[in-house]
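Number of protein chains: 2
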Amino acid sequence: MTTTEQGATISLDTAAELAAQLRVDSVRSATSAGSGHPTSSMSAADLLAVLVTRHLRYDWDQPRLPVNDHLIFSKGHASPLLYSVFKAVGVVSEDELLNGYRRFGQRLEGHPTPILPWVDVATGSLGQGLPDGVGVGLAGKYLDRLPYRVWVLTGDSELAEGSIWEALDKASYYKLSNLIVMADINRLGQRGQTDVGWNLEEYARRMEAFGARVLTIDGHDLTAIDKAMSAADDTSGSQPTVILAKTIKGKGFSEVENKNGWHGKPFPPDMAERAIAELGGVRELVVRGPRPEPATPGPVPDKPTTAPPPPATQAKPSATPPEYAVGEKVETRKAYGDALVALGARDDRVVVLDGEVSNSTFADEFTWAYPDRYFEMFIAEQQMVAAATGLAVRGYRAFASTFAAFFTRAYDFIRMGAISGVDLRLCGSHAGVEIGADGPSQMALEDLAMMRAVHGSTVLYPSDGTSTVALVEAMASTPGISYLRTTRGGYPGLYPTGEKFPIGGSKLVRSGDNDQVTLIGAGVTLHEALGAAEILHGEGIAARVIDCYSVKPVDTETLVAAAEATGGRIVIAEDHHPEGGLGSAVADALLAAGQQNLQLTHLAVSEMPGSGTGAELLAWAGVDADHIAAAARKLVGV
Amino acid sequence: MTTTEQGATISLDTAAELAAQLRVDSVRSATSAGSGHPTSSMSAADLLAVLVTRHLRYDWDQPRLPVNDHLIFSKGHASPLLYSVFKAVGVVSEDELLNGYRRFGQRLEGHPTPILPWVDVATGSLGQGLPDGVGVGLAGKYLDRLPYRVWVLTGDSELAEGSIWEALDKASYYKLSNLIVMADINRLGQRGQTDVGWNLEEYARRMEAFGARVLTIDGHDLTAIDKAMSAADDTSGSQPTVILAKTIKGKGFSEVENKNGWHGKPFPPDMAERAIAELGGVRELVVRGPRPEPATPGPVPDKPTTAPPPPATQAKPSATPPEYAVGEKVETRKAYGDALVALGARDDRVVVLDGEVSNSTFADEFTWAYPDRYFEMFIAEQQMVAAATGLAVRGYRAFASTFAAFFTRAYDFIRMGAISGVDLRLCGSHAGVEIGADGPSQMALEDLAMMRAVHGSTVLYPSDGTSTVALVEAMASTPGISYLRTTRGGYPGLYPTGEKFPIGGSKLVRSGDNDQVTLIGAGVTLHEALGAAEILHGEGIAARVIDCYSVKPVDTETLVAAAEATGGRIVIAEDHHPEGGLGSAVADALLAAGQQNLQLTHLAVSEMPGSGTGAELLAWAGVDADHIAAAARKLVGV
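The listed protein sequences derive, respectively, from chains X and D.
Each residue of the first sequence is one higher than the last, beginning at 323 in the working numbering.
Each residue of the second sequence is one higher than the last, beginning at 323 in the working numbering.
So here's chain X without its partners, still in its complex pose (with noise of 0.2 Å):
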């Protein structure tokens, strides 16, 4: 076995044997699995040989030290490779690389994810890596300010995913000299041949056009990688670096070099042994490429902005929370703005993001406040999430806004988020009818099914500014995927301040001993559940009304009592489609808790709306005040 000690000289004949054996490991881990993708990992062997040897600053004893580069794998499917390198790298052993490998309950999945200490986010999703990468970059030029570079390798087959120029795009906007991308070209897609093929030209003009400086390079050439990867260690330029490589699929094994119909299979035994003897046999190989050079933080550089100046009337930002009378009519995207400026005085690893409608969902509050810690991502909410994403490894709290209806573009993102196992905190505003006038395009109406939906996630929807200031203020050190959805129009302030409102929790906002039915709504349901039980009440019908502005968890206890207390009777009201939001949440909630007796009416947007005021919409729809007391009336039987 040959060992290198961190931090010394490796030649590139080490190399070459170092990128053999990355070959010969991803062949036999996938064989050994009977699952992978060996030929993948293949074309982009040398690449990874030269860059684990002579380029990546990393102390594999440390992979938490926040000097050390980032290595994303954005073709996630290449995982044979990124464990073969591990294993070279001495953290992974070759047991586990043969008998751990997309097994049941080990942790070299099919795929990676940050269960492996050396991984940032999971990949798989093709597309993402790079645009996550982009969030590290963002970190580590304007925030961190620390030397480290982002090493990204990305396929061929995920450029066609518009997130890799989104990525570009942001990328050269903000100058991120510390991104470098290892383009692995090698023709083939999963069912032959990709768009572009090994038309380098092409793919190097789009990449400069989209301001990156573009190094395009025999993929296979070991002195050429280095060449380029020299060229990429120099970060003093103000453009990300793609090594555009052109590569073979299956490289060093001639039964497969080159050939259609190899993606995603392992060899058989017969085969593998075949190939392992052309790559000349198993090697025992352990390297330690650069350290990283201890850093303190450079001075904070000029970043970007095509932000208008702050209105003149912007007060100085303070850490105390915003505070809203009761009764006071605000807009919980309001509330919203001014909890992220006051968090962000006490905490300065709050960071924001914001998909170019600030002015909207008023997180341009905070840009006023904290300008280095707001990144603008214009109008790419794929970016933006893969952005936050990326500032999370890093340890930021990162807050994305936009449109809640907007957020369907990114459901990919936020999915891989939540396996990645970052934390992230999306705030979608403009949610529902209740927007009016623009219409059915601007009107999340399907936010709530799908926010809950995501593995681990938090769903909060409040109904006035104090409750939003404290839900953001829980955000803040909530895991996982947390999402509030906040309201366009402005409503009466229902809570004073100091109220708690703790996630899981609930509101009886209205009760008493001879309540005869529950009225459940969130954010501007509550006000129509409180009007309905106004209502109810001059016809001497008592209703009990539920502010249940976390969504997920949801308040089961305060739900059970409230069915308990009055007879089963329950109405849900909510501005959302009627699968998976507001009304799913209670149901499976009382269900769960083995509720019998249930007489629950659900009231939710069930036609496709158009445009109008929010007061007419939410009448169309049945979900105002109206229609909530006819509804109950209905249940109590009168």
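Treat the hints as calculated values from the structure; they're not laboratory data.
One or more of the hints may lead you astray.
What the hints assert, rightly or not - Calculated lysine-lysine pairs in the BS3-like style (CA-CA distance at most 27 Å, straight line):
| # | chain 1 | residue 1 | chain 2 | residue 2 |
| --- | --- | --- | --- | --- |
| 1 | D | Lys651 | X | Lys587 |
| 2 | D | Lys568 | D | Lys581 |
| 3 | D | Lys625 | D | Lys497 |
| 4 | X | Lys651 | X | Lys638 |
| 5 | X | Lys568 | D | Lys497 |
| 6 | D | Lys549 | D | Lys497 |
| 7 | X | Lys656 | D | Lys587 |
| 8 | X | Lys651 | D | Lys587 |
| 9 | D | Lys581 | X | Lys625 |
| 10 | X | Lys497 | X | Lys568 |
| 11 | D | Lys568 | X | Lys497 |
| 12 | D | Lys581 | X | Lys656 |
| 13 | X | Lys568 | X | Lys549 |
Just so it is clear, the structure is predicted and the values come from calculations on it, not from any experiment.
Given the coordinates of chain X, assemble chain D onto it according to the supplied hints.
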């Protein structure tokens, strides 16, 4: 009032008058409504004035005429401009424009939708009109083979969306010379300057690198616009055209021209008056531009392809639906491909798209049978759904497939498809933990929730080949968004050939007179439920088993009957996260039907999975036969 006859040549002087009228009417409509985007309309008024007078071949009295050009407002917020065009061509009255815009119950919604017969697709979620237009262009060039053109107006903020670049990539790959993009580069987004601003060279470089012919012009120079559109009229080339127009937001009203802070704001009445005066007052031009020429379909063009050749064993396509024996193991994804081929033989309006995984989804069978009706979208799921939308606009029955997990990438497009009222048939393969070794990034565990929450959607999840074939056939005539979830592994056939599977139905696959508990599954968990019933039978417990293949709409009648027959004891098992899927569908239906005394146990994937075999992971998740049996035992009280 000046009226021109359809087909008469209209001078640029008249076009200039029309441009002023479009601006004035944009101002008036937005001010009348008290909301809307006049300044975004004013920047593009000259483009539209020249287009509708001199280039758009459209019979406004026959919007469904097959040879009409298509006009898509990708920047849907410029609806005042579009509606002012509709007034100018005489299909919308002044009264409707001034009293209908953005009002409740009216068709001139805040963002255009196909409620209007001259609108193809709903826009308003930016970056979607152009991808939709690519679909229309594909239909025009490869299927209809008619000389209509697709004119798409985009804004500049939306050029930050990756979907725009997916669209240009596909437009150039498929040589869509019938696609003409008018890019309105007015520099200002909602909250300030866009990231590229007025750097038209940068846009041009990007678009040219993506294969477009770019004509950069002053977007307020009518002669230049006319010349560019004349060049675009010639569609004999092999590239899409982009008319890259430098424009001024708010053009024509000096108080707001090129000023930030006027996005999405109507002018107050006094300002509107000044604007109208500066623009020369109200006009009442009615114009009709060029007539579409009658045309017979041209020859079938060569379509670019990178598809591998069909296997030698490939059978000749037959219109007879495939048949599978009871007990024979077949993957439902394979049955999907088989069914598509049979459907394609009978209906030449069936077209198929896939996101470069057709050898996994089995859409490749259709590729081999009918290469003319297959469109490879490579790894660009947003564009895939958008292309299906555009094809649906032209009356094709588009089926689009990818891994179920990756439809999350296109959720915004699916949502907008529902608003567009198009019929889309989506098939997601490799659902749930059943897929095994690939790990969580490839496992759809949110798809049922996501698809159920779409307005008017149909959600199907077959468990064997026979039911898959029946449901694919049903999808062909199902309006709206329909979604089929298929499974990776092969499971035994349960149903004989000829069995009917109506949408909204279910199958009682096992029942008796003394059933003590109901087990509900769909897809893979139906097989587990049947296994559980067998285990329970061995213990003397009679279990009823329901195949809930139609998750939405769900078969309430059968569910209610089962609940009543089994004392409300129900176990639901699904290979999906707990929220919003099959469990919610069943619970919602039973509660809405007034069922009480329910004792419902819901088994679902509640933790984050890793790799493993499908069987290991179904057991780990607690949704396999053993866990279902255990849950049933508990309900029955043994």
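Verification of the supplied hints:
1. D:Lys651 - X:Lys587: 22 Å, holds
2. D:Lys568 - D:Lys581: 15 Å, holds
3. D:Lys625 - D:Lys497: 9 Å, holds
4. X:Lys651 - X:Lys638: 23 Å, holds
5. X:Lys568 - D:Lys497: Holds. Lys568 (chain X) to Lys497 (chain D) sits at ~25 Å (cutoff 27 Å).
6. D:Lys549 - D:Lys497: Answer holds: Lys549 (chain D) to Lys497 (chain D) is near 22 Å, not above 27 Å.
7. X:Lys656 - D:Lys587: 18 Å, holds
8. X:Lys651 - D:Lys587: Holds, at roughly 22 Å.
9. D:Lys581 - X:Lys625: Given pair Lys581 (chain D), Lys625 (chain X) holds - Cα atoms ~23 Å apart, limit 27 Å.
10. X:Lys497 - X:Lys568: 26 Å, holds
11. D:Lys568 - X:Lys497: Roughly 25 Å separates the two Cα atoms, so the pair holds.
12. D:Lys581 - X:Lys656: Roughly 24 Å between the alpha carbons, so the hint for Lys581 (chain D) and Lys656 (chain X) holds.
13. X:Lys568 - X:Lys549: With a Cα-Cα distance of about 15 Å, the restraint between Lys568 (chain X) and Lys549 (chain X) holds, given a limit of 27 Å.
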